[in-house]
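Protein sequence lines, in the order shown, are assigned to chains D and G.
Quick note: to get my numbering, add 174 to the position in the first sequence (first position is 1).
Quick note: to get my numbering, add 644 to the position in the second sequence (first position is 1).
Keep in mind that a hint or two might mislead.
As the list claims (entries may be wrong) - Partial list, derived from the structure: chain D residues whose beta carbon lies under 7 Å from chain G:
#, residue
1, 185
2, 187
3, 203
4, 213
5, 220
6, 282
7, 283
Claimed, not checked - Each computed BS3-like pair below joins lysine-lysine, with the alpha-carbon atoms no more than 30 Å apart:
#, chain 1, residue 1, chain 2, residue 2
8, G, 661, G, 713
9, G, 701, D, 223
10, D, 277, G, 709
11, D, 232, D, 243
12, D, 277, G, 662
13, G, 709, G, 661
14, G, 713, D, 277
To be verified - Across the chosen pairs, the derived CB separations fall in these ranges:
#, chain 1, residue 1, chain 2, residue 2, range
15, D, 186, G, 714, 27 to 35 Å
16, D, 191, G, 695, 29 to 37 Å
17, D, 230, G, 671, 26 to 34 Å
18, G, 684, D, 254, 24 to 32 Å
19, G, 654, D, 186, 27 to 35 Å
20, G, 688, D, 240, 43 to 51 Å
21, D, 188, G, 683, 44 to 52 Å
No lab work stands behind these hints: they were computed from the structure.
Think of the CB as a built atom: it goes at the ideal place given N, C-alpha and C, for glycine as much as any other residue.
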Amino acid sequence: AQSVAQPEDQVNVAEGNPLTVKCTYSVSGNPYLFWYVQYPNRGLQFLLKYITGDNLVKGSYGFEAEFNKSQTSFHLKKPSALVSDSALYFCAVRDVTTDSWGKLQFGAGTQVVVTP
Amino acid sequence: EAQVTQNPRYLITVTGKKLTVTCSQNMNHEYMSWYRQDPGLGLRQIYYSMNVEVTDKGDVPEGYKVSRKEKRNFPLILESPSPNQTSLYFCASSGRTGRAGETQYFGPGTRLLVL
């Protein structure tokens, strides 16, 4: 069974500084990896995904993530954080070798707080 | 506008009183799913549907029912709600059954309080 871990409950960063949100995963086969963001009182919005190909994936709002197979990680990054990036971030993984591909396993979420 | 809608957005009810949360998508998606979000637990899948009349249990199906009579609608039914079902619920959809890389699109959420 697949699993995903977000080791930090909260990440604090000053505006203009680099932002990193960590995610590690465990699957039996090949992972499909996703990042979503949730703003207060809103649903989840898709940021980016890794399916195959280039390990560096670029997504919405200036975010990117690097797939590292040897470390089973998919950390989300942004070179220069904005106050408006303050939100709850979820990493999710799908194990594509299983029959029931419909299950998307989410991490517990990481709250990002960007201070002016 | 392509979207997933949920109703109601907020609901306060009492233990045992049957309720339905509706979900509708206008993207002609085959796949739909229900999740609940609880602090520290992330999103957990309740039920999902690969197409009309095809539904299956997720990780936490106990106390919930679903139906998929039409492609666009996927209601979540709580026959006898209990306080441990107090949560934030999200409906999601994606297209092209069989393509595991499809992005899921989420509704705005329904906040349920069971007294």
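We went through each hint and held it up to the structure:
Checking residue 185(D) against chain G: minimum C-beta separation of about 16 Å lies over 7 Å; hint violated. A hinted interface residue such as residue 187(D) counts as satisfied when its beta carbon comes closer than 7 Å to some beta carbon of chain G; here the least separation is about 21 Å, so the hint is violated. Hint status for residue 203(D): violated, given a least beta-carbon distance of 10 Å to chain G, over 7 Å. Contact between residue 213(D) and chain G, as hinted, is not supported at the beta carbon level, the nearest pair being about 11 Å apart and thus beyond 7 Å.
Annotation: interface hint on residue 220(D) holds; nearest CB of chain G at approximately 5 Å, less than 7 Å. Restraint check, residue 282(D) versus chain G: the minimum CB separation of about 4 Å is within 7 Å; hint holds. For residue 283(D), the interface hint holds, the least distance from its beta-carbon to any beta-carbon of chain G being 5 Å, beneath 7 Å. Straight-line distance between C-alpha atoms of residue 661(G) and residue 713(G) comes to about 23 Å, which keeps the hinted pair within the 30 Å bound.
Between residue 701(G) and residue 223(D) the alpha-carbon distance is near 25 Å, which keeps this suggested pair within the 30 Å criterion. Proposed proximity of residue 277(D) and residue 709(G) is supported: the alpha carbons are some 17 Å apart, at most 30 Å. Note on residue 232(D) and residue 243(D): the hinted pairing holds, with a Cα-Cα distance of about 17 Å set against a maximum of 30 Å. For the suggested pair residue 277(D) and residue 662(G), the alpha carbons sit about 27 Å apart, so the restraint of at most 30 Å is met.
At roughly 14 Å between alpha-carbon atoms, residue 709(G) and residue 661(G) fall within 30 Å of each other, so this suggested pair holds. Of the pairs offered as hints, the one joining residue 713(G) and residue 277(D) holds, with about 21 Å between alpha carbons and a cut-off of 30 Å not exceeded. Take residue 186(D) and residue 714(G): their Cβ atoms lie about 46 Å apart, and the range 27 to 35 Å is violated. For the pair residue 191(D) and residue 695(G), the supplied restraint of 29 to 37 Å is violated, since their beta-carbon distance comes to about 46 Å.
A hinted range of 26 to 34 Å for the beta carbons of residue 230(D) and residue 671(G) is consistent with their spacing of about 29 Å. Separated by about 30 Å at the C-beta atoms, residue 684(G) and residue 254(D) satisfy the suggested range of 24 to 32 Å. Evaluation of the 27 to 35 Å hint for residue 654(G) and residue 186(D) yields a pass: the beta carbon distance comes to about 30 Å. For residue 688(G) and residue 240(D), the hinted distance range of 43 to 51 Å is not satisfied, since their beta carbons lie about 27 Å from each other.
In this structure the hint that residue 188(D) and residue 683(G) lie 44 to 52 Å apart at CB is violated, the actual value being about 26 Å.
The structure shown violates the earlier hints numbered 1, 2, 3, 4, 15, 16, 20, 21.
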